[in-house]
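Student: When the count follows this note's numbering, it moves up by one through the sequence shown with no breaks and lands on 53 for the last residue.
Treat the hints as calculated values from the structure; they're not laboratory data.
Be aware that one or more of the hints could be misleading.
As the list claims (entries may be wrong) - Label-pair restraints from in silico Cβ distances: (1) Met12 / Asn33: 28 to 38 Å; (2) Met12 / Ile48: 13 to 23 Å; (3) Ile53 / Ile23: 29 to 39 Å.
Just so you know, even glycine gets a beta-carbon here, dropped at the ideal spot from N, CA and C.
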Amino acid sequence: MLNTILLILGLICFILATIGVNARRINLIALGLAFWILTVLI
C-alpha cells in the first residue's frame, strides 16, 4: 500500500515537471526519482 502511494506521488512529480509547473523543474524530477527509489527499497 505504501509502495503504491509513493509510486503515484513520484508519477505526479514527473507529470508536473513535464508540464512545466512554476516549481523548479530539477527539484520535481529529483523528488520523483526519490519516491521511485524509495518504493524499490521498501
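Student: Against each hint, give a clear statement of whether it holds in the structure.
Tutor: Against the structure, the hints come out as follows:
Under the hint 28 to 38 Å, the C-beta atoms of Met12 and Asn33, about 31 Å apart, fit the expected range. For the pair Met12 and Ile48, the supplied restraint of 13 to 23 Å holds, since their beta-carbon distance comes to about 18 Å. Distance hint for Ile53 and Ile23: a CB-CB separation of about 18 Å, inconsistent with the stated range 29 to 39 Å.
Comparing the model with each earlier hint shows a violation of hint 3 alone; every other hint is respected.
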